[in-house]
Structure formats: structure tokens, C-alpha cells
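J.: Here is what each chain is made of, one letter per residue.
Protein chains: 2
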Amino acid sequence: MAGQSDISFARGAPSLDIIAVDELKAAADRAFSSDPKGAFSYGTAAGYAPLLEWIAGRHEVPEEQVIATNGSMQADAFLFDHLVQPGDTVVIEAPTYDRTLLALQKLGAELLAIPVEVDGLEVDALERALSSGARPKLAHVIPNFHNPAGVTLSLDKRRRLIELATEHDFVVFEDDPYAELRFEGEPLPTMLSLDDSDSVVYASSFSKTVCPGIRVGYLAGPQALIKDIRKTATETYISPSMVSQSIVAEFCRSGAIESSISTVKEALHERRDRTAEALERELGDDAGFVKPEGGYFMWVDLPDGTDGDALEMTARQHGVIFVKGTDFLLEGGESSLRIAYSGVTPAEIDDGVGRLAEAFRELAGARA
Amino acid sequence: MAGQSDISFARGAPSLDIIAVDELKAAADRAFSSDPKGAFSYGTAAGYAPLLEWIAGRHEVPEEQVIATNGSMQADAFLFDHLVQPGDTVVIEAPTYDRTLLALQKLGAELLAIPVEVDGLEVDALERALSSGARPKLAHVIPNFHNPAGVTLSLDKRRRLIELATEHDFVVFEDDPYAELRFEGEPLPTMLSLDDSDSVVYASSFSKTVCPGIRVGYLAGPQALIKDIRKTATETYISPSMVSQSIVAEFCRSGAIESSISTVKEALHERRDRTAEALERELGDDAGFVKPEGGYFMWVDLPDGTDGDALEMTARQHGVIFVKGTDFLLEGGESSLRIAYSGVTPAEIDDGVGRLAEAFRELAGARA
Numbered sequence: 200m201a202g203q204s205d206i207s208f209a210r211g212a213p214s215l216d217i218i219a220v221d222e223l224k225a226a227a228d229r230a231f232s233s234d235p236k237g238a239f240s241y242g243t244a245a246g247y248a249p250l251l252e253w254i255a256g257r258h259e260v261p262e263e264q265v266i267a268t269n270g271s272m273q274a275d276a277f278l279f280d281h282l283v284q285p286g287d288t289v290v291i292e293a294p295t296y297d298r299t300l301l302a303l304q305k306l307g308a309e310l311l312a313i314p315v316e317v318d319g320l321e322v323d324a325l326e327r328a329l330s331s332g333a334r335p336k337l338a339h340v341i342p343n344f345h346n347p348a349g350v351t352l353s354l355d356k357r358r359r360l361i362e363l364a365t366e367h368d369f370v371v372f373e374d375d376p377y378a379e380l381r382f383e384g385e386p387l388p389t390m391l392s393l394d395d396s397d398s399v400v401y402a403s404s405f406s407k408t409v410c411p412g413i414r415v416g417y418l419a420g421p422q423a424l425i426k427d428i429r430k431t432a433t434e435t436y437i438s439p440s441m442v443s444q445s446i447v448a449e450f451c452r453s454g455a456i457e458s459s460i461s462t463v464k465e466a467l468h469e470r471r472d473r474t475a476e477a478l479e480r481e482l483g484d485d486a487g488f489v490k491p492e493g494g495y496f497m498w499v500d501l502p503d504g505t506d507g508d509a510l511e512m513t514a515r516q517h518g519v520i521f522v523k524g525t526d527f528l529l530e531g532g533e534s535s536l537r538i539a540y541s542g543v544t545p546a547e548i549d550d551g552v553g554r555l556a557e558a559f560r561e562l563a564g565a566r567a
Numbered sequence: 200m201a202g203q204s205d206i207s208f209a210r211g212a213p214s215l216d217i218i219a220v221d222e223l224k225a226a227a228d229r230a231f232s233s234d235p236k237g238a239f240s241y242g243t244a245a246g247y248a249p250l251l252e253w254i255a256g257r258h259e260v261p262e263e264q265v266i267a268t269n270g271s272m273q274a275d276a277f278l279f280d281h282l283v284q285p286g287d288t289v290v291i292e293a294p295t296y297d298r299t300l301l302a303l304q305k306l307g308a309e310l311l312a313i314p315v316e317v318d319g320l321e322v323d324a325l326e327r328a329l330s331s332g333a334r335p336k337l338a339h340v341i342p343n344f345h346n347p348a349g350v351t352l353s354l355d356k357r358r359r360l361i362e363l364a365t366e367h368d369f370v371v372f373e374d375d376p377y378a379e380l381r382f383e384g385e386p387l388p389t390m391l392s393l394d395d396s397d398s399v400v401y402a403s404s405f406s407k408t409v410c411p412g413i414r415v416g417y418l419a420g421p422q423a424l425i426k427d428i429r430k431t432a433t434e435t436y437i438s439p440s441m442v443s444q445s446i447v448a449e450f451c452r453s454g455a456i457e458s459s460i461s462t463v464k465e466a467l468h469e470r471r472d473r474t475a476e477a478l479e480r481e482l483g484d485d486a487g488f489v490k491p492e493g494g495y496f497m498w499v500d501l502p503d504g505t506d507g508d509a510l511e512m513t514a515r516q517h518g519v520i521f522v523k524g525t526d527f528l529l530e531g532g533e534s535s536l537r538i539a540y541s542g543v544t545p546a547e548i549d550d551g552v553g554r555l556a557e558a559f560r561e562l563a564g565a566r567a
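Each protein sequence line maps, in turn, to chains A and B.
Its first residue numbered 200, the first sequence is counted upward by one per residue in this note's numbering.
Its first residue numbered 200, the second sequence is counted upward by one per residue in this note's numbering.
Note that these hints are calculated values from the structure, not bench results.
Each hint can be trusted.
Label pairs and their calculated CB-CB ranges:
id : chain 1 : residue 1 : chain 2 : residue 2 : range
1  : B       : Ser-330   : A       : Lys-430   : 35 to 41 Å
2  : A       : Gln-284   : B       : His-468   : 47 to 53 Å
3  : A       : Lys-430   : B       : Asp-427   : 24 to 30 Å
4  : A       : Pro-285   : B       : Ser-232   : 44 to 50 Å
5  : B       : Thr-365   : A       : Gly-307   : 32 to 38 Å
6  : A       : Ser-214   : B       : Pro-545   : 49 to 55 Å
7  : A       : Gly-256   : B       : Glu-561   : 45 to 51 Å
8  : B       : Glu-457   : A       : Glu-457   : 40 to 46 Å
9  : A       : Gly-553   : B       : Gln-304   : 57 to 63 Å
10 : A       : Thr-433   : B       : Glu-465   : 29 to 35 Å
11 : B       : Leu-301   : A       : Pro-285   : 21 to 27 Å
12 : A       : Gly-564   : B       : Lys-305   : 56 to 62 Å
13 : A       : Lys-430   : B       : Thr-243   : 25 to 31 Å
Quick reminder that beta carbons are idealized off the backbone N, C-alpha and C, glycines included.
All chains, full assembly: derive it from the sequences and hints.
T.: Quick look at the structure:
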């Protein structure tokens, strides 16, 4: 296979063809012309005011309940530092985003992993754990088009989760970067909008709707908590990139974001379909997956006994890369993998899934 | 004094008239056109590669020894988190940058404050402390046009500091954002360039040479340390703003930075002179200060017994704002203040110092 370049399903990142490069250039030019002082001077740690206003409007919360950061992982880091002490129990989904897992482990949190089902977090299992005495400080939940599981949390479960949080006094961290990328079905309300007990902190990002390199994310939540986090942000970096945030503000306010979202959705919808078709064609019953209603990711279960480590290595030799299921879990996931279809063209998807199937059959043949 | 607007000597920030707005717009346009993938995609935590290359070239170190961050305070935070455990001794200058003081206190460092003289840190006093058993992990030093003291560390002291660091096994943190803004006299070599024992970590920023709102700073230091900090940065925010860094890279590589530095230096030189003249004219022997050879700040000692808190309040009533000396010290500084002349026009300087002198005389009159 010399000379053939690798196809990567590994990174949850958009390909350049679905980034609105010309509109970003135009937004930067307008932002820098109309408000050079705002873009080029020190700002406040809360973020660029016109962007805060736009985000607050989008979520129908006061601006005082929002902080815009250098990417949403930075927001997560502030929130975790603020709420989680070593030994504190934190509910995570199983599987969950590998960087979240790592960040919480680094902080010394006691992780309580609750399985994810077709309609999101198994709230019954969480309720049982709470009844048995678990006292979490925080529950991290990715409600829409889950990374890595691809599933979406049902409305009923959203409501029950808020009830449990209120009753047992923990914070729901609603980590929602993919919400705008729904291909089909009806959008569900955010837990932030359903909550009237200050139990929810919402995080999102412009990485999936504008571009990742701009590094703009945000938190919206209870005012007292946001105030504390703004203080930590001031002490950490004075202010986030006003240049980045002024471009995003202009991109949003001009409506360019809506056409960018359309472009991204259309492309990812096609890529999801192509991935699902290719998996069915190439692997048939050997590949179990939930077709996500939006977002970047598909979680694929291969037959029990499949050795994910060996498959990853063999797949690399065949020129295709993915992330092993075990990376997203404290235990288990050996026969699963995550496919990110966000950064590959339809033709690459066909090729890549073909190579994956070859690798799978080579391994299965060796086992037989 | 109704209707008169406040004049602020408080914030170390450039006024908009000395920011190269048109050149920044042009640099953004070129950066986004020539490398949209680099500007708009996720990068690595090390920073935007062409910028790392430029910084590495400027300091004659390998790129592996550089990390570019969202402003240099973020770099400081990474470094402090990495090197300083609660209870560790850290050498600071007295006075020093108030945010550094705060960051180190928050980390639980044991602060060893060493006075600053006309030629910078009193190295003899540090040597005595080391002889008496002090075992610092880190010494934070602002070598050029000190914030807030305005002084510059002599070449001899730079050399002695590195010797002490090597001998007593501590890291010198050379915090050097103002180096490029020298109005007169010969530039001195950085401690980074003088060090051959991996004892120096150097930090700087483009806030003073490009603009603050872009939030781009960097560290250059021992490769192993930079590697660790890159890892922490990955875990914190994946990558810094590639949009900001690509603009800075283009601004630097095109040479726009050199003309920007000239503009800033010329304006600040005039502002420094105007401030010094106004202080002499308005306060005469009551104001003691070292005329800085560059940078943003002047440290003004008023007669012993001047109550800085009262002066600050009275000055506010007269429509002029500054930062009290006590903010930059663990103890002392009651009769001193910091004047930042970076964000005010020459006419404002005359007015502002006039108001300060009125406030001072009002207070002195009340005391007499």
C-alpha cells in the first residue's frame, strides 16, 4: 500500500471545504473597521461585549450569566477547577469525551460512570446510584449527538436529570457543542432553558459552526458561578482573544453563521449517510451502530472478542485511522471504535471504511 | 469639576492611536488568504508553526524551546502551575507586577521579596538570602523598564543572577514584555541568551508591539520544561487562537512589526518626557522618580508620610486615576504610586499631572 495516504476518522474536526473562509475574512475586515478599539485593546475576562450580547440573546439569559473563553475546553477547565476538589464525585457518561475524562482524572475526581443508551444517559442507573448514597458535585452530560456515542438525550430524561440535580444538589454540566448540527428530527430544548433552580451550567463553542482555529467557546449558567469564573479568568489571562471574539461576533450578527451552519449540516448529513451505507455494505451485521441525528461522530460496536488494539494497528497498516473505544471509557469498549466523519470527503469515507473492513477481516481470519 | 472626564494613568495599555490598525487588517487578510487551513483549523498547543519559527529565530533558540500562548499571563500561569507547589519559596521583586503577586499568592507560594534598585533587583540582597538558607524554586524578574518600577537590570546583575540560579538550582523567570520599547541607551542581552545552564525561562508578549486584544504571548526555555508545558496546554485548551497567531505571524514576517515598534517607541518616548517634565514642573522636589529608558511606567515616590490611599481618593475627585504603590508590594509603598503613560496623550499628561499635584497639595494642606 506504499504511496497511499492515510484516511483519518480520528479527529473530530471539520474539513477546510466546509469552513466559510471568505465570510470569515469579510467578518474580520468589518469587525476591525467598525470597532478597532474593541478588537485590538485589552478586553474584560467576560469576553467581547457584542458577542456576549449575541450569546445571551440566543439562550435568552442575561449577559451577566455568560462568559466567552478561548475555546470551550478552557471554559470546562475553569468550571472544573471551580467546582471539583480532589475526591469529589463527578458523574460522567460511559462512554464520554476522552479529554473530559482526562481533565477530571487529573483533578483527582472520583468518577461515577453511568452508561449511555440509545436515548442518552441511563438516568435510571444514575437514580439508583443516588439512592445508594452517591453524592456527586457535578454530572457531565453531552446531550446532543454525543461524542463519542452519537446518541441524543431524550426530553423526558433532560427533565428527570434536572429534577435529580435539584433534589440531590449537584450541578448538571450540559456540554453541547454540536446542538446546531441537527440533520433530522426536532430540536430538543436545552436543559439550561428547562432549569429554574440554577442547577445547569451550559457550555458550547463556535468550533463547529464558525471554525475551530478561532478558539471561541462559552459558558452560560447561574450568575454567581459565572461571576466567580470571570474572576478566575481575569487572574489567568486578563481577557480572551478580543480579535477572535470580535470576528465571531460580526460573523454571528451578520447572519453568516446561519449559512455556515447550513453548509456544515448539509455536508455532514451526506457524510453520515455515506458512513452508515459504507459500514452496512462493508461490514454488515458485524458493525452495530446508532445512526446519529446530527453532529460529527458514530460509535461502532464490532462483535464481542474483537481486539480493538490489534484492529487499530492492523487498520493503520491498511491506511485508516480511528480512535479505539477504550479511550472513552474507564473500563470496557475493547470491541468498539469511534468514527469521526466530519473531516473526510464522501469518497474518502468509502475508501476508509473499505480499508477498515479489510483490516477487520484480516484479524478475524487470523483468529479463526 | 462636572463634565471633565477622568484621565487615567492606571492601566498599562497602549492608546488606540499607536496601534497599527490598517496593518493589522492587511495582515489578517493575507494570513487568512495564504493559509486558511492553518488559521481556521485546530492547531497544536505549541502554537502556530510560522509564528514559533519567527520567535525562535528572534531568540536564536530551536522551535522546540518555544510555546506561544493566549497572552503571556496564560504562559505565566502554566509555568507557575508547573514549577510552584504550595509552600515553595519564590523570589519576587519589590515592587513587582501586581498580577504576578496575586497569582503566586493564590498558588500558596512563600514569597521572598527582594528590593529593586536603580539598576534592577538588588542581587546582593538575594545572595545574602541564599547564604542564609533560602531555597527558592523560582525567581521572577522583569529585566527591562520594570513594571512598576521603571528600572532596567544591569548587565552585571543579569550575569550574577544566572550564576546564583545555577549554583542554587532555581529557575530565573525573565518576564520581558517591554524589551523592544527602548527609547535610549544600548539594549542589553537577555538572560535567556546569556544562560548556558538551562536556568532561564523567558516570557514575552505581542501586546506591546502588535496589540493587547490579540492575546499572543510566549515562553522560551529549556526544552524539557517547554515540552511539559505544551502537554498542559493541550489538556487545557487543545490549541491557542490560531486566528490571532496567524495574524501576528504575518504581521511579524512582513516587517509591519518593526514600523509598529517605531511608532509605539516614538509616542511613548514623547509621553515619558512629557510626564517627567510635568512631574518636575508641578511637584518639583516632592516627586522622586527614575526616568525609565523605555516601556510604559514611571514609579513616583512622594514625601514620606504621604497617605497613598487618601491621595488616590482625592485624586479621583480631581479626575485623575493611578495605581497605588501598595498594590505592587507585600509591605510598604504607602507614599508611592505608579504612573502608566502608555494610554494618554501629551495634553492629557499635562492635565493629569496637574490634577495629581492639586490633589497632593490639597492633602498636604489638610495635614499641615
